[in-house]
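Undergrad: Take the sequences, apply the hints, and build the full model.
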Amino acid sequence: MAEEVKEQKEHKKEKFEPKIVGFLCNWCSYAGADLAGTSRIQYPANVRIIRVMCSGSVDSVYILRALLDGADGVFVGGCHPGDCHYIDGNYKARRRMVLLKNILNTLGLDPERVWVRWISASEGQKFAETMKEMTEAIRKLGPSPIAKQWNI
Amino acid sequence: MSHKILKVKGGDVAESCNAMLKELLESKKIHALLVPQETPTKKISFPVLISNSDQLNSDIFAPVLPVSTASILSRITKFQAANKPIGVVMRPCQIRAFTELVKLNQANPENIVIIGVDCLGTFPLNTYTDFPEKKTPTKFMIDAFTKKTEDAEKYLRSACRVCKDPIPTNADVIIGIYGMDAEKEILIEAHTEAGKKLIEGLKLDEAKEHDRDKTVKAIHEHKAKHNAAFVKEKSSIKGIDALATFFDKCVNCHNCMKACPICYCKECLFESSVFDAEAYKFLKKAESKGLLKMPSDSILFHLGRMNHMILSCVECGLCEQACPNNIPLMDVFIPAAENAQKEFNYQPGKDPKEKIPMIVYREDEFLEVGEK
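Quick note, the sequences are listed as chains A and B, same order.
Per our numbering: the first sequence = residues 1 to 152.
Per our numbering: the second sequence = residues 1 to 372.
Mixed in with the good hints, there may be bad ones.
So the derived list for chain A, only partly shown, Cβ under 7 Å to chain B, looks like this [said to hold, decoys possible]:
| id | residue |
| --- | --- |
| 1 | I41 |
| 2 | Y43 |
| 3 | R48 |
| 4 | Y62 |
| 5 | R65 |
| 6 | I87 |
| 7 | Y91 |
| 8 | V98 |
| 9 | N102 |
| 10 | R117 |
| 11 | I146 |
Straight line, CA to CA, 16 Å or less: simulated EDC-like cross-link-like pairs of lysine to aspartate or glutamate [as the list claims (entries may be wrong)]:
| id | chain 1 | residue 1 | chain 2 | residue 2 |
| --- | --- | --- | --- | --- |
| 12 | A | K126 | B | E371 |
| 13 | A | K148 | B | D241 |
| 14 | B | K4 | B | D181 |
| 15 | B | K293 | A | E112 |
| 16 | A | K92 | B | E365 |
| 17 | B | K372 | A | E112 |
| 18 | B | K285 | A | D69 |
| 19 | A | K148 | B | E183 |
| 20 | A | K92 | B | E368 |
| 21 | A | K92 | B | E363 |
| 22 | A | K148 | B | E287 |
| 23 | B | K281 | A | E136 |
| 24 | B | K372 | A | E129 |
| 25 | B | K284 | A | D69 |
| 26 | B | K238 | A | D110 |
| 27 | B | K372 | A | E133 |
| 28 | B | K139 | B | E150 |
| 29 | B | K372 | A | E136 |
| 30 | B | K214 | B | D181 |
| 31 | B | K289 | A | E136 |
Chain A regions said to be covered by chain B (calculated; three or more residues, Cβ under 8 Å) [stated by the list, open to error]:
| id | segment |
| --- | --- |
| 32 | 66–76 |
| 33 | 105–111 |
Just so you know, the hints here were simulated from the structure itself, not pulled from any lab data.
For each residue, glycine too, the CB sits at the ideal point set by N, CA and C.
TA: Right, dumping it as structure tokens:
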């Protein structure tokens, strides 16, 4: 028994658990995450959710802040294009994310650590699956090299 | 469009242009000029707002850009459009910046007549004030141009070395020297109705045949190639290690942001209290990283600023000139600007009617975002 516990502990130590910051829009993705929860769909606990009013309100600086402070991945969830509660917030978010990823790419800062997905309030299943998918993808990428960079 | 020729008297290009501007001011078609002029120390030229032609002693070819003329013009017109016509002598990069500021609702083009000058490049501020050659910087620059030598190249600011477009666009009047025999004649070209009216009645000759168009095309091609090579060369600055090394000397003074013509925010996000935090948060951050260089968040500032202004970046290099610790900011900002502007197919300062990319969208674009 004791050995089993020890083994489990060691296994846990080896397995890298990505830290993911998720910005979810109040009207769709956050409700989708809520649905996943109330439907008791299991998904990895790696994501730390921050509720925002709209994906269009997520300034690139918030994402950069998370990445530079050591997040292994950042997730931005919004309503499907055309379904924005504020009519066009997610269209603007989409452009902003394209710009951010372009800059990250130019500077060699792993744009694939930033995920954007459209998840509606009824897509609890999709939310859970996306979280699984992203956690595994980031786990594969490994810890962010920025996490231990102290001179930035 | 109307082409005219200004005859250069005694081979003095700067003085001949000054005489023309004086005539312009006396004609009362414009109430004032915003034009570079030597300060009484005779060491540097700054833009002056001048309506008395007696005191005009302009030096429009002075190879120095101490401050952004576009920012100054924004300051003059943002609150209220100019009530009387002002003629503004600007370099191409500053006209581009002004166009962007108008799009950003930070300047009003009403009653502003833009007189664009072909740019031969500029020297860093301190090189200009303590110029090592015997001639004045202006004379040195013009001589190097007319004699087709590359003497001035080594003094140029790095932004000017890789400038893509030293020929003004969106100007009402262009003072052109590329493709001209500048010791003898300068091209005065009106591109708009306002410009036409302005140069009407000046003592100018009709333009004969000249090969400026061909020269301009060749310059654009040459400069674009040069710029692309620079972008390629500097793409080696990649990854967080390289960036941390690059910004190692940054002291978070934010001078680059203050010098930038595009950074117009009265209170920058990075100077607000958004990033103020309680002691425990600093300690927590230091613990998670092991230790923390202070002041922290300098790369966050540069990358954040970049995200906010890069699509309108006119590559004037004033940020680099403003850096007290000589960080060669253009090495990072020019590649980022080129790549980002290409992504959105946007050229800042090109079309005043085109909206800046971050305030518009199309429903059927970037469909891959959010899907994979």
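Undergrad: Hint by hint, say whether it matches the structure.
TA: Hints and how they fare:
no.: 1; hint: I41; in the structure: 21 Å, violated
no.: 2; hint: Y43; in the structure: 19 Å, violated
no.: 3; hint: R48; in the structure: 14 Å, violated
no.: 4; hint: Y62; in the structure: 9 Å, violated
no.: 5; hint: R65; in the structure: 6 Å, holds
no.: 6; hint: I87; in the structure: 11 Å, violated
no.: 7; hint: Y91; in the structure: 4 Å, holds
no.: 8; hint: V98; in the structure: 5 Å, holds
no.: 9; hint: N102; in the structure: 5 Å, holds
no.: 10; hint: R117; in the structure: 5 Å, holds
no.: 11; hint: I146; in the structure: 5 Å, holds
no.: 12; hint: K126/A / E371/B; in the structure: 12 Å, holds
no.: 13; hint: K148/A / D241/B; in the structure: 11 Å, holds
no.: 14; hint: K4/B / D181/B; in the structure: 14 Å, holds
no.: 15; hint: K293/B / E112/A; in the structure: 27 Å, violated
no.: 16; hint: K92/A / E365/B; in the structure: 11 Å, holds
no.: 17; hint: K372/B / E112/A; in the structure: 10 Å, holds
no.: 18; hint: K285/B / D69/A; in the structure: 8 Å, holds
no.: 19; hint: K148/A / E183/B; in the structure: 60 Å, violated
no.: 20; hint: K92/A / E368/B; in the structure: 15 Å, holds
no.: 21; hint: K92/A / E363/B; in the structure: 10 Å, holds
no.: 22; hint: K148/A / E287/B; in the structure: 10 Å, holds
no.: 23; hint: K281/B / E136/A; in the structure: 29 Å, violated
no.: 24; hint: K372/B / E129/A; in the structure: 13 Å, holds
no.: 25; hint: K284/B / D69/A; in the structure: 11 Å, holds
no.: 26; hint: K238/B / D110/A; in the structure: 10 Å, holds
no.: 27; hint: K372/B / E133/A; in the structure: 11 Å, holds
no.: 28; hint: K139/B / E150/B; in the structure: 14 Å, holds
no.: 29; hint: K372/B / E136/A; in the structure: 14 Å, holds
no.: 30; hint: K214/B / D181/B; in the structure: 14 Å, holds
no.: 31; hint: K289/B / E136/A; in the structure: 24 Å, violated
no.: 32; hint: 66–76; in the structure: holds (count 3)
no.: 33; hint: 105–111; in the structure: holds (count 5)
Consistency note: the structure conflicts with the earlier hints numbered 1, 2, 3, 4, 6, 15, 19, 23 and 31.
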